[in-house]
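**Q** Each chain, written out:
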Amino acid sequence: MAPTIHYYCPCQSGESVQTPPPPHMASSSASFHPLHSLFFCEECDAVRCNRCVSIEVSGYYCPNCLFEVPSASVRAEKNSNRCARNCFSCPICRSTLQVVASDPPDGGDGRPSVSLSNVGEPPFFLYCNHCRWDSAEVGITFEKPTGLAAQLQKFEDSAPESLEFERLKEHFEPFLRTSSLSSLSHVPSTSSHHLPTSSATAAASAALARDVPGVGKYNPPARSRVGRDRTANKDEMPEYKSRMEISVLGQLGSEGDGSDVEALRRMETAEEIASLEQRWGNSWTTSSRTSDLRPLRIPLHSKVSKRCPTCRHILIKPEQKAQSVRYKIKLVAANYLPAMTVALPHTQGADTTRRPQAKAPSTSDDRNVGAIMAGKSYPFHLALTNPLYDPIQVRLSVQRMHVTAVTDGTAPEKARRTPFAVSLPTSSFPVAAFAEAWEYDDDDDMFGLEDDELGLEMGRTRDKDGKGKGKTVGVLEKRANVTVVGGEVVIGKEARGHVKFNMLVSYTYRSDDPLPSEDGAGTPSRTVAKTPEVKTFTFYTVVDLGPILPREEKVDPDI
Amino acid sequence: MDAPVYYSKAEFIETDTGNKVSRRATIAGPQNIILGGKTIISSGAIIRGDLRRTGPGHAVVISLGRYCLVGEGCVMRPPYKTYRGNFNYYPMKIGDYVHIGANTVVEAATIGNHVVIGKNCVIGKFTIIKDCAQVADNTVIPPNTVIPALALFAGSPGRFVEDLPESTQEMVESQTKQYYSRFQPLER
Numbered sequence: 001m002a003p004t005i006h007y008y009c010p011c012q013s014g015e016s017v018q019t020p021p022p023p024h025m026a027s028s029s030a031s032f033h034p035l036h037s038l039f040f041c042e043e044c045d046a047v048r049c050n051r052c053v054s055i056e057v058s059g060y061y062c063p064n065c066l067f068e069v070p071s072a073s074v075r076a077e078k079n080s081n082r083c084a085r086n087c088f089s090c091p092i093c094r095s096t097l098q099v100v101a102s103d104p105p106d107g108g109d110g111r112p113s114v115s116l117s118n119v120g121e122p123p124f125f126l127y128c129n130h131c132r133w134d135s136a137e138v139g140i141t142f143e144k145p146t147g148l149a150a151q152l153q154k155f156e157d158s159a160p161e162s163l164e165f166e167r168l169k170e171h172f173e174p175f176l177r178t179s180s181l182s183s184l185s186h187v188p189s190t191s192s193h194h195l196p197t198s199s200a201t202a203a204a205s206a207a208l209a210r211d212v213p214g215v216g217k218y219n220p221p222a223r224s225r226v227g228r229d230r231t232a233n234k235d236e237m238p239e240y241k242s243r244m245e246i247s248v249l250g251q252l253g254s255e256g257d258g259s260d261v262e263a264l265r266r267m268e269t270a271e272e273i274a275s276l277e278q279r280w281g282n283s284w285t286t287s288s289r290t291s292d293l294r295p296l297r298i299p300l301h302s303k304v305s306k307r308c309p310t311c312r313h314i315l316i317k318p319e320q321k322a323q324s325v326r327y328k329i330k331l332v333a334a335n336y337l338p339a340m341t342v343a344l345p346h347t348q349g350a351d352t353t354r355r356p357q358a359k360a361p362s363t364s365d366d367r368n369v370g371a372i373m374a375g376k377s378y379p380f381h382l383a384l385t386n387p388l389y390d391p392i393q394v395r396l397s398v399q400r401m402h403v404t405a406v407t408d409g410t411a412p413e414k415a416r417r418t419p420f421a422v423s424l425p426t427s428s429f430p431v432a433a434f435a436e437a438w439e440y441d442d443d444d445d446m447f448g449l450e451d452d453e454l455g456l457e458m459g460r461t462r463d464k465d466g467k468g469k470g471k472t473v474g475v476l477e478k479r480a481n482v483t484v485v486g487g488e489v490v491i492g493k494e495a496r497g498h499v500k501f502n503m504l505v506s507y508t509y510r511s512d513d514p515l516p517s518e519d520g521a522g523t524p525s526r527t528v529a530k531t532p533e534v535k536t537f538t539f540y541t542v543v544d545l546g547p548i549l550p551r552e553e554k555v556d557p558d559i
Numbered sequence: 001m002d003a004p005v006y007y008s009k010a011e012f013i014e015t016d017t018g019n020k021v022s023r024r025a026t027i028a029g030p031q032n033i034i035l036g037g038k039t040i041i042s043s044g045a046i047i048r049g050d051l052r053r054t055g056p057g058h059a060v061v062i063s064l065g066r067y068c069l070v071g072e073g074c075v076m077r078p079p080y081k082t083y084r085g086n087f088n089y090y091p092m093k094i095g096d097y098v099h100i101g102a103n104t105v106v107e108a109a110t111i112g113n114h115v116v117i118g119k120n121c122v123i124g125k126f127t128i129i130k131d132c133a134q135v136a137d138n139t140v141i142p143p144n145t146v147i148p149a150l151a152l153f154a155g156s157p158g159r160f161v162e163d164l165p166e167s168t169q170e171m172v173e174s175q176t177k178q179y180y181s182r183f184q185p186l187e188r
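Same order as they appear, the protein sequences are chains A and B.
Numbering (UniProt numbering) for the first sequence: 1 to 559.
Numbering (UniProt numbering) for the second sequence: 1 to 188.
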């Protein structure tokens, strides 16, 4: 397992706690994220992760035909969170279905006849390329190869569940509308969602906003009085009569009326019963036989824009086109925080020498060579890449942690000893600024930078592993905007588990003030603003160097 | 990550645009194949540039972009279809910064930029893979699938798993460029 570094986002801990949880606990992995999935808010000067950002939908598209559906039509129509064109997914294997024409009529003389029409012969049906299911098995065929969803719409609308839903909506709508008008004053002003377009959703969000702060409003047995709770200051609501009796509905599904038991008796293979994954997307109970599964319209995907939860600054704003990967606003943490990678040099030494030769004989050899063994000390390399256009000074420090949990077998007093000790360079070291790629062209010999530290070393000189190294802890190499520092970890004899430690990284950088005043008659405040200010940013990371192999289990490499 | 990936100098042909093609790769119909520059074709790869669409003139069967990597043992064949009685091959267009893993069979119609495909995958015919998508290892993508941008597909049949982070494009671009610079001949 390669060593990794993850960054800490404080959204999971409370408001006052800023230190990360101890890394050996399983639950702490929720607070640590790889750098490329994090965002950075410039106003708050804080790291944000995908869990804490607030999300708004900026557009919908079908993942199969890539057609962009306007948000208005998605919210307005009933079934419109699915593609309205020809995109269906196979009920058996969930891959996309292809519209195929039936075979042309046989000419009778054995030769394959050439179809005259452009799109083939009707009737058309859906065919799955992966599992060879086709919709003729459930009796769904089409007259035209386009507009399939519209052709199926008639059948869908007459299904008993959608008629029941319409009836429920008509029953609740007048009451929800009047209750939403009376409770609009309760809606919090910092709502992050767009104003709902229909009265039903307005009422739902108003009810939710009212219910969430107060905990004691849940009344489980009062199913028929749900409307009454929400319209507390309104008149009574008449009781709802459903369109058909429950026993009638039982014949549609498998509600214990004996017909499904008969089917089970006649069953030959286990695949005749639809699996849970194929069935749980349906809102009502349907037949549990695989042969009754119908093709599903493909649900739409959405493009989201993300905002900082505290200051509402937009962090991610995608472009209008659904399939474009560019963003109008993109405040990712990788543009602000130094990217760090960690490597164990003894692992890399084993890999590179094997490549041009024949394949390595055994994998257990690799495991012993590359892994971390208890009772030894290993150096590791930490490479920091500076994304800013200014040089930074970085200081690292290991967070001290209490280790109380150790695996089985060891006595409690042994468990309290720290399993490993990490030493890092304690002084701050600089990392050069980032410059455009053309300055570091491979073919070019000159670097053309004013920084004299880089002038000392040309190209990729680094300490060869064979030479005697003077130090293992400290700055090892500076190249372009990457600085490699070395640290050392000493593993105790009784150590188990993973070598994971929290590391505090703080870096300072100059943020130059723009626009120094050219006018000689500047105000005093302007002359003060000319001096660049030095800003410091601090964040936590967790470094995972890999599992520790206990010493007794050393595998004989000859076997 | 900084470790160089060595190859035997005699094994690879390097062109003036920086493409590195292994001599042990099977390239059929090289006049119909376009490599964008700084592209690596590993040993054992099979690229069928000879399966071209019938018709006069010069046809481009397979075109790859810059900084691409075709893994070892990969098979790249253009997709074919019988339409109104005519059998035809369709050209295969691959974008820049695309890494294709080892032993993968690719019959897609279009692959966008910054795509990473894992090893032992099977990409069915006429698949369209948009920019910055990724296909995990050991995935089987059925024919005629569309993989939208920034999507991660896995499983057999390949299904949508999750959306990738927004900085995927820069990550893949820097990884592919770094891989090319680490791919160095071993002086013997």
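Worth flagging that the hints you see were computed from the coordinates, not collected in a lab.
Ideal Cβ placement from N, Cα and C applies to all residues, glycine included.
Heads up, some of the hints might be wrong.
[What the hints assert, rightly or not] Derived DEER-like restraints, expressed as beta-carbon distance ranges:
id	chain 1	residue 1	chain 2	residue 2	range
1	A	Pro550	B	Glu187	29 to 35 Å
2	B	Thr82	A	Asn50	42 to 48 Å
3	A	Asn81	B	Lys9	31 to 37 Å
4	A	Ser54	B	Gly37	40 to 46 Å
5	A	Arg75	B	Phe160	42 to 48 Å
**Q** Give a verdict on every hint.
**A** Checked hints:
1. For proline 550(A) paired with glutamate 187(B), a C-beta distance near 41 Å fails the hint of 29 to 35 Å.
2. One distance hint, 42 to 48 Å for the beta-carbon pair threonine 82(B) and asparagine 50(A), holds here, with the actual separation near 46 Å.
3. Between asparagine 81(A) and lysine 9(B) the Cβ separation comes to about 57 Å, which falls outside the hinted range of 31 to 37 Å.
4. Hint check: serine 54(A) to glycine 37(B), Cβ distance near 43 Å, so the stated range 40 to 46 Å holds.
5. For the pair arginine 75(A) and phenylalanine 160(B), the supplied restraint of 42 to 48 Å is violated, since their beta-carbon distance comes to about 23 Å.
Comparing the model with each numbered hint stated earlier shows that hints 1, 3 and 5 do not hold.
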